[in-house]
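Read in order, the letters of the sequence shown correspond to residues 1 to 184 in the numbering used here.
To be clear, the hints were calculated from the coordinates, so they are not data collected in a lab.
Just so it is clear, the structure is predicted and the values come from calculations on it, not from any experiment.
Be a bit skeptical, because a hint or two may be false.
What the hints assert, rightly or not - Calculated lysine to aspartate or glutamate pairs in the EDC-like style (CA-CA distance at most 20 Å, straight line):
1. K60 to E86
2. K60 to E108
3. K61 to E108
4. K61 to D105
5. K60 to E119
6. K126 to E137
7. K61 to D36
8. K60 to D39
9. K60 to D92
10. K60 to D105
11. K61 to D89
12. K60 to E103
13. K130 to D143
14. K61 to E103
15. K60 to E24
16. K126 to E98
17. K126 to D158
18. K130 to E103
19. K61 to E33
20. K138 to E148
21. K130 to E119
22. K138 to E98
23. K134 to E148
24. K134 to E119
25. K61 to E98
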Amino acid sequence: MSAIVVYASQTGFTRRYAEWIAEELGCEAVPVERADAIDAGACDVVVFGGWFHAGGLVGKKWLARTRAAHPGTPFVAFAVGATPPEWTDMVDEAMAREFPSPELDGVERFYLRGGFAYERLSLPNKLAMKMFFKMQEKQAATDPRAAEMLSGMRGGFDGTDRAAIAPVVARVRELAAAASQPPA
Numbered sequence: 001m002s003a004i005v006v007y008a009s010q011t012g013f014t015r016r017y018a019e020w021i022a023e024e025l026g027c028e029a030v031p032v033e034r035a036d037a038i039d040a041g042a043c044d045v046v047v048f049g050g051w052f053h054a055g056g057l058v059g060k061k062w063l064a065r066t067r068a069a070h071p072g073t074p075f076v077a078f079a080v081g082a083t084p085p086e087w088t089d090m091v092d093e094a095m096a097r098e099f100p101s102p103e104l105d106g107v108e109r110f111y112l113r114g115g116f117a118y119e120r121l122s123l124p125n126k127l128a129m130k131m132f133f134k135m136q137e138k139q140a141a142t143d144p145r146a147a148e149m150l151s152g153m154r155g156g157f158d159g160t161d162r163a164a165i166a167p168v169v170a171r172v173r174e175l176a177a178a179a180s181q182p183p184a
């Protein structure tokens, strides 16, 4: 199987998932900043991992551009965020927004819970998070989810779980096996 894992990560949670997935698949994990040198068309499957930042998926432009350039190559994407996966309404809304149709139709997609490490943020992101905390404080008074999110983010947390990559790895292996079959 020929696969590559490309990822965008600032604080390390997405990178951790990318490295775990690459290890399971026996391939390389490459930061998106170096990914333009990759021939995605030479891969059986391309895996992309990005993180949710202010409602957007970091690295999505690379994914869309590369997929458009290689329409015959299967792509699998995972998005990492701080939202608990059981909050399916919020997760589903974010995933639908960041993997729009028809641009990213056919891209297999998964959500993985990351974490939050304020000390690893860039200065502009630290400032943005201070504003976010103030907004959440107001909402937390009446919204239990906002209160839970604020509490977790204020203290920082690591929600990564190696077991969570199993469905991603399984789907990549299925797609790679199908790609290696001779045409009928």
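Evaluation of the provided hints:
1. K60 to E86: violated, 24 Å
2. K60 to E108: holds, 14 Å
3. K61 to E108: Answer holds: K61 to E108 is near 16 Å, not above 20 Å.
4. K61 to D105: Holds - the C-alpha atoms of D105 and K61 are around 15 Å apart, at most 20 Å.
5. K60 to E119: Between K60 and E119 the Cα gap is close to 25 Å, so the pair fails against 20 Å, i.e. violated.
6. K126 to E137: Within the cut-off at roughly 16 Å; holds.
7. K61 to D36: holds, 12 Å
8. K60 to D39: Within the cut-off at roughly 18 Å; holds.
9. K60 to D92: holds, 17 Å
10. K60 to D105: holds, 13 Å
11. K61 to D89: violated, 25 Å
12. K60 to E103: holds, 11 Å
13. K130 to D143: holds, 19 Å
14. K61 to E103: holds, 11 Å
15. K60 to E24: Violated, at roughly 24 Å.
16. K126 to E98: Distance ~23 Å between K126 and E98 Cα, so the pair is violated.
17. K126 to D158: Given pair K126, D158 holds - Cα atoms ~18 Å apart, limit 20 Å.
18. K130 to E103: violated, 34 Å
19. K61 to E33: Holds - the C-alpha atoms of E33 and K61 are around 12 Å apart, at most 20 Å.
20. K138 to E148: Cα-Cα ~13 Å, so holds.
21. K130 to E119: holds, 12 Å
22. K138 to E98: violated, 27 Å
23. K134 to E148: The hint holds at about 14 Å.
24. K134 to E119: holds, 18 Å
25. K61 to E98: holds, 10 Å
Of the numbered hints listed earlier, those contradicted by the structure are 1, 5, 11, 15, 16, 18 and 22.
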